[in-house]
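Asker: For reference, the chains in residue letters:
Number of protein chains: 2
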Amino acid sequence: MSDHICSAGCNHFSHLNDPDLMGEFAEARKNLRTAIGGTPSAGTLGLAGVTQRALPSKKAGEQVSHYYVPANDKTVHWGFFSKKMDPLLKVESGDYVTIETVTHHSNDDIDRMVKGDKGVEAIFHWDAKSKAVDRRGMGPMDHPLGAGGGIGVHVCTGPIFINGAEPGDVLEVRIVDTMQRPSGNPDYRGKTFGSNAASNWGFHYNNLITEPKGREVITIYEVDAKGEQSWAKAVYNYRWTPQTDPFGVVHPIIDYPGVPVDKNSIKPNYDVLKGYEIPVRPHFGMIGVAPVEADIVSSIPPGYTGGNFDNWRMGKGATAFFPVAVAGGMFSVGDPHASQGDAELCGTAIECSLTGLFQFILHKKADLPGTKLYGLDYPLLETASELVLHGFSLPNYLKELGDNAETKILEKSSLDTAMTDAFNKTRRFLMDTRDLTEDEAISLISVSVDFGITQVVDGNWGVHAIIKKAIFPK
Amino acid sequence: MSDHICSAGCNHFSHLNDPDLMGEFAEARKNLRTAIGGTPSAGTLGLAGVTQRALPSKKAGEQVSHYYVPANDKTVHWGFFSKKMDPLLKVESGDYVTIETVTHHSNDDIDRMVKGDKGVEAIFHWDAKSKAVDRRGMGPMDHPLGAGGGIGVHVCTGPIFINGAEPGDVLEVRIVDTMQRPSGNPDYRGKTFGSNAASNWGFHYNNLITEPKGREVITIYEVDAKGEQSWAKAVYNYRWTPQTDPFGVVHPIIDYPGVPVDKNSIKPNYDVLKGYEIPVRPHFGMIGVAPVEADIVSSIPPGYTGGNFDNWRMGKGATAFFPVAVAGGMFSVGDPHASQGDAELCGTAIECSLTGLFQFILHKKADLPGTKLYGLDYPLLETASELVLHGFSLPNYLKELGDNAETKILEKSSLDTAMTDAFNKTRRFLMDTRDLTEDEAISLISVSVDFGITQVVDGNWGVHAIIKKAIFPK
Chain A
2 MSDHICSAGC
12 NHFSHLNDPD
22 LMGEFAEARK
32 NLRTAIGGTP
42 SAGTLGLAGV
52 TQRALPSKKA
62 GEQVSHYYVP
72 ANDKTVHWGF
82 FSKKMDPLLK
92 VESGDYVTIE
102 TVTHHSNDDI
112 DRMVKGDKGV
122 EAIFHWDAKS
132 KAVDRRGMGP
142 MDHPLGAGGG
152 IGVHVCTGPI
162 FINGAEPGDV
172 LEVRIVDTMQ
182 RPSGNPDYRG
192 KTFGSNAASN
202 WGFHYNNLIT
212 EPKGREVITI
222 YEVDAKGEQS
232 WAKAVYNYRW
242 TPQTDPFGVV
252 HPIIDYPGVP
262 VDKNSIKPNY
272 DVLKGYEIPV
282 RPHFGMIGVA
292 PVEADIVSSI
302 PPGYTGGNFD
312 NWRMGKGATA
322 FFPVAVAGGM
332 FSVGDPHASQ
342 GDAELCGTAI
352 ECSLTGLFQF
362 ILHKKADLPG
372 TKLYGLDYPL
382 LETASELVLH
392 GFSLPNYLKE
402 LGDNAETKIL
412 EKSSLDTAMT
422 DAFNKTRRFL
432 MDTRDLTEDE
442 AISLISVSVD
452 FGITQVVDGN
462 WGVHAIIKKA
472 IFPK
Chain B
2 MSDHICSAGC
12 NHFSHLNDPD
22 LMGEFAEARK
32 NLRTAIGGTP
42 SAGTLGLAGV
52 TQRALPSKKA
62 GEQVSHYYVP
72 ANDKTVHWGF
82 FSKKMDPLLK
92 VESGDYVTIE
102 TVTHHSNDDI
112 DRMVKGDKGV
122 EAIFHWDAKS
132 KAVDRRGMGP
142 MDHPLGAGGG
152 IGVHVCTGPI
162 FINGAEPGDV
172 LEVRIVDTMQ
182 RPSGNPDYRG
192 KTFGSNAASN
202 WGFHYNNLIT
212 EPKGREVITI
222 YEVDAKGEQS
232 WAKAVYNYRW
242 TPQTDPFGVV
252 HPIIDYPGVP
262 VDKNSIKPNY
272 DVLKGYEIPV
282 RPHFGMIGVA
292 PVEADIVSSI
302 PPGYTGGNFD
312 NWRMGKGATA
322 FFPVAVAGGM
332 FSVGDPHASQ
342 GDAELCGTAI
352 ECSLTGLFQF
362 ILHKKADLPG
372 TKLYGLDYPL
382 LETASELVLH
392 GFSLPNYLKE
402 LGDNAETKIL
412 EKSSLDTAMT
422 DAFNKTRRFL
432 MDTRDLTEDE
442 AISLISVSVD
452 FGITQVVDGN
462 WGVHAIIKKA
472 IFPK
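Protein chains in written order, with my numbering: chain A, 2 to 475; chain B, 2 to 475.
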């Protein structure tokens with residue numbers, strides 16, 4: 002448990018310069034690359050391939066561990082957060098966890114994103130008799146589209162229970178490093194792929210100007226797996242055609258996650274975005290803890306405990322702070338992206354599997370007054386130079402809308418209310434944690450804070466406020 | 002007239018490395034600093050202190066001029082655009098003009114921002130018998146608040162007529178350099194000041210959380226006049242108190258521009274934002290050409306011909322492109338800012354007088370197909386690394402709303418429709434000027450274009466789309 006609030010560059014519980022940790026992560030990277038889905042060799046084998054290894058502590062009496070969580074059918078839950086789940090892993094504040102995350106769009110190109118990758122194959126396994134991960138979404142198990150109804154779509158790795166975390170505390174999650182997941186198919190050795198789906202939930206969907214209207218289009222992008230190139234390029238695109246899943250349900254549109262796309266049913270078009278180079282900014286679109294308001298919650302709308310807030314700044318070197326709403330926090334992460342623009346306009350980013358090295362630090366409620374975390378009731382993102390506060394159309398849509406909140410929020414989405422929420426949070430942050438008057442806060446916001454559009458596709462639309470840390474008194 | 006479309010770094014008509022031009026601007030800076038409001042000594046004296054000097058041409062047969070336009074009561078119009086005005090100056094495509102712009106908030110601190118500055122004193126002159134610039138806004142001359150009614154508030158320098166410009170053409174305006182206007186008061190030698198007004202038109206105004214509600218607050222900021230420091234700091238703030246103007250009209254709120262604030266009527270609070278440093282990003286909040294839809298138009302809502310679009314990227318090194326709507330374009334510039342955040346939340350930036358060196362380049366309609374300017378019907382901003390497209394709640398509010406558009410637009414402002422407009426423009430830009438299919442454009446937007454909130458205080462709210470030029474094929 003922390004005894005102070007960490008600031009940027011703080012060395013609290015930090016093993017960033019620890020050769021053991023860095024060596025482990027390097028080993029994890031190597032393992033991942035050479036034996037996708039295999040069990041890392043070092044450490045104690047636990048549930049579903051989770052391994053643990055103690056790191057030498059820097060403080061007497063402290064014991065810091067590094068866990069490795071592979072992604073497979075036993076370590077993921079699909080399309081929902083739930084405070085009722087059994088945690089995959091229990092960690093102490095200060096521990097590190099390397100977590101594999103897998104994109105729910107992998108089946109958009111089975112050859113490039115599933116084949117030969119044991120972990121991804123295990124997650125997406127689906128034949129006429131059964132599927133490995135049956136529930137996909139928070140809906141009923143007998144939903145006509147499939148179990149869970151696809152009301153919630155993201156493959157989430159977790160949940161991770163942070164020992165000692167209680168409602169009112171704040172969980173700090175540092176993203177120490179990220180790496181792209183290489184294709185497991187020898188035909189694509191050394192390459193990583195991602196899928197961008199211009200989908201029925203996109204902002205553009207009812208506003209297409211060329212025929213045929215109502216189409217959905219998948220664009221497959223290639224990213225350098227070694228991270229040596231800073232840009233992605235399009236490989237080909239295709240229009241979604243009705244897909245029949247292994248249980249025999251026909252999906253005329255993208256209405257259920259993980260439906261395998263029959264490559265013989267689509268027409269690939271390789272003449273796409275020739276020469277265009279997309280800057281790669283790997284990040285986790287969905288990251289957060291479980292809310293308390295319901296037993297099971299769709300992974301789609303973001304909310305006060307984080308989740309699918311889809312901010313591309315949530316990458317290597319960034320830190321997120323989440324208000325803990327249930328015992329242990331119950332952290333999950335997914336929806337990995339290679340790149341996204343602010344707005345995520347067509348409904349998705351370059352959806353691309355990533356592995357991250359995370360450190361968890363727990364801040365107890367009693368320690369929060371007088372710090373930047375006081376009163377935190379939304380996901381706060383921090384980078385080396387910025388604090389990013391997240392406003393939503395409704396700040397706590399679960400509480401405000403009650404039953405069927407995940408449906409009702411679709412009618413309530415507005416950037417206008419998200420802007421108001423982002424302003425309210427920024428003002429309160431400056432007044433409560435910087436001891437400014439309301440007049441000082443408002444002037445400072447107007448002359449120096451940049452408001453941007455996080456996303457307009459996740460049901461609960463987002464506006465973020467960027468405070469440059471350089472403005473603060475030195 | 003240009004014979005090609007300039008791209009970034011293009012040397013077309015460029016005298017940026019011309020020692021004569023740079024020498025002139027250095028001289029202008031020096032003159033401005035040493036004799037605020039005085040007439041620059043070089044060149045031929047014209048109307049209201051406007052001077053002209055020929056520059057040596059780089060091409061045989063071309064004759065490029067550099068004009069200097071001081072700001073005074075004869076060179077500004079206040080609170081409106083109008084195609085019916087007599088132009089202040091006629092220039093050729095390729096010409097340079099150094100233009101002084103003065104903030105309409107100068108009278109928020111007369112000692113620091115008016116006193117001793119002959120040009121600003123001339124603009125703000127107002128006694129019991131007369132005011133130097135009577136019309137302020139597009140309203141009736143017998144409006145109870147004052148002539149023009151304050152329906153439009155910005156002190157605009159211009160208009161400048163570009164010879165040969167016709168509807169359908171595009172006017173390129175390059176901002177070669179900017180400088181802060183130093184205080185003319187010897188007591189504040191070497192300093193520049195600006196005013197931030199948290200005003201009744203601010204986004205926060207009906208959402209204050211501390212008493213007294215309904216207050217307006219002015220914060221005076223200091224900026225280094227030499228541009229040697231990159232940050233501004235607050236000096237003091239005060240609450241607006243009812244001000245009686247020299248004609249005897251009482252202004253309980255900020256409802257008319259340029260009302261002199263009686264310093265004995267307000268209570269300065271010097272304990273404000275101690276130690277905070279605001280990054281300075283000097284720019285012109287209002288810049289554009291006259292629309293065709295009406296004879297006189299409020300300067301407040303931005304629109305398809307530019308105007309008060311309030312993007313802080315409109316500073317040194319940036320280029321703007323405006324669709325020409327009337328003969329000569331009729332370019333005006335004003336609303337200078339030392340710094341602003343995206344959103345301009347409280348209604349104003351650090352409103353701070355600036356002088357800019359501009360170059361005008363005319364692109365004829367026939368030359369536009371196949372270039373980035375094809376079909377341009379909104380203000381396009383370009384920096385070294387970005388293209389910034391401006392969406393509005395209504396793309397052409399004058400045409401769409403007709404009579405009393407400046408009032409009706411207040412009820413139509415929404416970021417949701419501005420987001421749609423920004424998307425529509427970005428898609429069309431990529432399809433029409435980059436020859437992409439709709440599917441390519443939409444995918445590219447989703448994975449690489451950042452949407453931000455330009456402003457929520459100018460009646461016609463803005464969302465901008467930022468395209469990074471690095472994505473384009475090399």
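Misleading hints may appear alongside valid ones.
What the hints assert, rightly or not - Calculated cross-link-like contacts (lysine-lysine; reagent style BS3-like; alpha-carbon spacing at most 30 angstroms):
#	chain 1	residue 1	chain 2	residue 2
1	B	Lys275	A	Lys214
2	B	Lys413	A	Lys475
3	A	Lys268	A	Lys85
4	A	Lys234	B	Lys130
5	B	Lys192	A	Lys475
6	A	Lys227	B	Lys275
7	B	Lys268	B	Lys119
8	B	Lys275	A	Lys400
9	B	Lys400	A	Lys469
10	B	Lys470	B	Lys84
11	A	Lys365	A	Lys413
It is worth saying that the hints were derived from the structure and are not from the lab.
Asker: Would you mind marking each hint as holding or not holding in the structure?
Answerer: Tested hints:
{"no.": "1", "hint": "B:Lys275 - A:Lys214", "verdict": "56 angstroms, violated"}
{"no.": "2", "hint": "B:Lys413 - A:Lys475", "verdict": "43 angstroms, violated"}
{"no.": "3", "hint": "A:Lys268 - A:Lys85", "verdict": "43 angstroms, violated"}
{"no.": "4", "hint": "A:Lys234 - B:Lys130", "verdict": "69 angstroms, violated"}
{"no.": "5", "hint": "B:Lys192 - A:Lys475", "verdict": "23 angstroms, holds"}
{"no.": "6", "hint": "A:Lys227 - B:Lys275", "verdict": "47 angstroms, violated"}
{"no.": "7", "hint": "B:Lys268 - B:Lys119", "verdict": "28 angstroms, holds"}
{"no.": "8", "hint": "B:Lys275 - A:Lys400", "verdict": "39 angstroms, violated"}
{"no.": "9", "hint": "B:Lys400 - A:Lys469", "verdict": "39 angstroms, violated"}
{"no.": "10", "hint": "B:Lys470 - B:Lys84", "verdict": "34 angstroms, violated"}
{"no.": "11", "hint": "A:Lys365 - A:Lys413", "verdict": "34 angstroms, violated"}
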